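Trainee: Chain residues, written in single-letter form:
There are 2 protein chains.
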Amino acid sequence: MGGDVGLKVTVPASIQFLQDHPDARLILVGDQTALEAELALHGSVARDRLRLHHASQVVGMDESPQLAMKNKKDSSMRVAINLVKEGEAQAAVSAGNTGALMATARFVLKTIPGIDRPAIAKLLPTSKGTSCMLDLGANVDCTPAQLLQFGIMGSELVSSLSGKANPTVGLLNIGSEDIKGNETVKQAAELLKDAALNFYGNVEGNDIYRGTVDVVVCDGFTGNVALKTSEGLAHMIASFLREEFTRSWWTRLCALAAMPVLNHFKKRVDARRYNGASLLGLRGIVVKSHGGTDALGFRYALEQACEEAGSSVIAHIAERVAEQLQHIKQSEAAAN
Amino acid sequence: MGGDVGLKVTVPASIQFLQDHPDARLILVGDQTALEAELALHGSVARDRLRLHHASQVVGMDESPQLAMKNKKDSSMRVAINLVKEGEAQAAVSAGNTGALMATARFVLKTIPGIDRPAIAKLLPTSKGTSCMLDLGANVDCTPAQLLQFGIMGSELVSSLSGKANPTVGLLNIGSEDIKGNETVKQAAELLKDAALNFYGNVEGNDIYRGTVDVVVCDGFTGNVALKTSEGLAHMIASFLREEFTRSWWTRLCALAAMPVLNHFKKRVDARRYNGASLLGLRGIVVKSHGGTDALGFRYALEQACEEAGSSVIAHIAERVAEQLQHIKQSEAAAN
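Chains A and B, in that order, are what the protein sequence lines are. Residue 279 in my numbering sits at position 279 of the first sequence; the count goes up by one each step and never skips. Residue 62 in my numbering sits at position 62 of the second sequence; the count goes up by one each step and never skips.
Bound conformation, chain A alone (with noise of 0.2 Å):
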């Protein structure tokens, strides 16, 4: 039900998706008769792997998490994390309020041990392939184990879509020099380096799209700013690019003329294939689509949730946790 569109968008994107995905299932969340009246838009439909399960509410896009989480108990959003806790659903996906997401899945599925809270995290595009980067706007204040959390997390959420062994990690700074940052991010540096991570060290902006490391870390101020900042930045090159090819008769000339080459660099940057983002360090698979993306963009956001319950990612994340704790345990008690 979620998003900006709704059900013209998370519909369609789901009949699309089973007819990609022979072997997928889908629970559709909401309310049944618009569902239903959805679907009876579309011709050929998977109905005998796809099902629709009723919920009477809805989490409106600015409704507050708090109050969301106490009025509206019986929400699409709700009653799909619902369905992943009982284990009818390997993972639920939303385009809706990021907030209440949040909040809900966490006091239904709960963090995994070792996990104060859950991170969001992206993959994004870089010139070498994609990096991973959390957290994007969850924890606004983070604590050094915060932010070694993250680093694990994202380590293990590469390696297990990916196949990558030992995925490098950085951490966001403002200069490579271990003396630069603030003291929360110099502490978490430390932590980084003593765990069993393959550390990078400090990375800048400008490293994010280069790919220098597969995992970004950061907290979720920065991580959030940097992401919307790329948004924008990238809608205004768009939009100076389609200014220039417009100008005049001439230069709509030149745009038909290169319109093969600007259709494929339009498909490499667009932002639909890179939706999706994963709310890790939840004792389930839950995934945040954008919510002004259209069918294109939540087809993504499904794949991205396909793709890591098709992996072990939360049993690797709280192995990695589990050995983590001990070897700070450890190494207490040998500074005892």
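Mixed in with the good hints, there may be bad ones.
[Claimed, not checked] Covered stretches of chain B (chain A as the covering partner; in silico rule of three or more C-beta atoms under 8 Å from a C-beta of chain A):
#1 199-207
#2 212-225
#3 241-250
#4 264-273
[Claimed, not checked] A few chain B positions that, by computed beta-carbon distances, are all more than 12 Å from chain A:
#5 Q19
#6 L26
#7 Q32
#8 L39
#9 H42
#10 L50
#11 R51
#12 M69
#13 D74
#14 F107
#15 D194
#16 E303
#17 A315
#18 H327
[What the hints assert, rightly or not] Derived pair list, reagent style DSSO-like, types lysine-lysine, alpha-carbon separation capped at 27 Å:
#19 B:K110 <-> A:K180
#20 B:K267 <-> A:K267
#21 B:K164 <-> B:K128
Keep in mind that the hints were calculated from the coordinates and are not lab data. Here the structure is a predicted model, which means the values were calculated and not measured. Glycine included, C-beta positions come from ideal geometry on N, C-alpha and C.
Go by the hints and put chain B onto chain A.
Mentor: Frame of chain A; chain B shown alone:
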């Protein structure tokens, strides 16, 4: 002497700048022999408006600011800033070590009364024109009072340079709602609301390039990450575009057809045109050029210094900060 390349960039840029500005005079500070040798390589130079000032030392790009301050009292950087202090120069421009430049400028010139620490401010291109963003890396941790000072300084820089009365000021945050963000940002919002500023409210990362406000205020950590992330993303997009147009003989042909448009676009997003960051809050004008820029970029940094020198930006900042201090005193007196 500074920057990744040194005189091969700064000298040609200076010569061109003098040609563009028949009223301007330049003092080149550095190794006199090296400067003379570089100048001799260039044809006509307006030597009546170009003076050399010898400085026997150079601060290295990776040198610690503390050591540079202590051991390099005759560095080109220090001597240039001394000239500003003594009133011999109206502004200093450097492509050198940012930390050393900031520390030296602060030590020699001192801050304007009421300004705790200087900030690095830069004009960025937006969909609507340009916006000023600060701090971009001078202050890792900022108090709410400092963020207010940044707002005043940015506002005065924009109105001094563009003539725009009462520029809008936005506070960079991770959500436009008042409740979002950390404690520092929340308190800063209260101070900014209370001040004699055209405070717009919170803005998000995507608002920067959208040009939502004239001035974007943030701490130096967030600002530096946002700026460098932008640099990295712009670089990646440009290289993707290049790759697409050089994929085959056919795409190269397309590029040829689209060349005039692509060149116009390239010029429009050329980072060199926005080179030159102001060290604001000092009792003198100091402009930092990107260390890796070329002669065109360095010319833009000289332009920035020239424009500031032609305005009364420092006097205006001093005036507004004094008013603000008075305002706070009155509010406190009224409260007692």
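Trainee: Indicate, hint by hint, whether the structure satisfies it.
Mentor: A quick look at each hint next to the structure:
| no. | hint | verdict |
| --- | --- | --- |
| 1 | 199-207 | holds (count 4) |
| 2 | 212-225 | holds (count 6) |
| 3 | 241-250 | holds (count 4) |
| 4 | 264-273 | holds (count 4) |
| 5 | Q19 | 29 Å, holds |
| 6 | L26 | 31 Å, holds |
| 7 | Q32 | 33 Å, holds |
| 8 | L39 | 34 Å, holds |
| 9 | H42 | 33 Å, holds |
| 10 | L50 | 35 Å, holds |
| 11 | R51 | 35 Å, holds |
| 12 | M69 | 15 Å, holds |
| 13 | D74 | 26 Å, holds |
| 14 | F107 | 19 Å, holds |
| 15 | D194 | 23 Å, holds |
| 16 | E303 | 22 Å, holds |
| 17 | A315 | 31 Å, holds |
| 18 | H327 | 29 Å, holds |
| 19 | B:K110 <-> A:K180 | 23 Å, holds |
| 20 | B:K267 <-> A:K267 | 24 Å, holds |
| 21 | B:K164 <-> B:K128 | 14 Å, holds |
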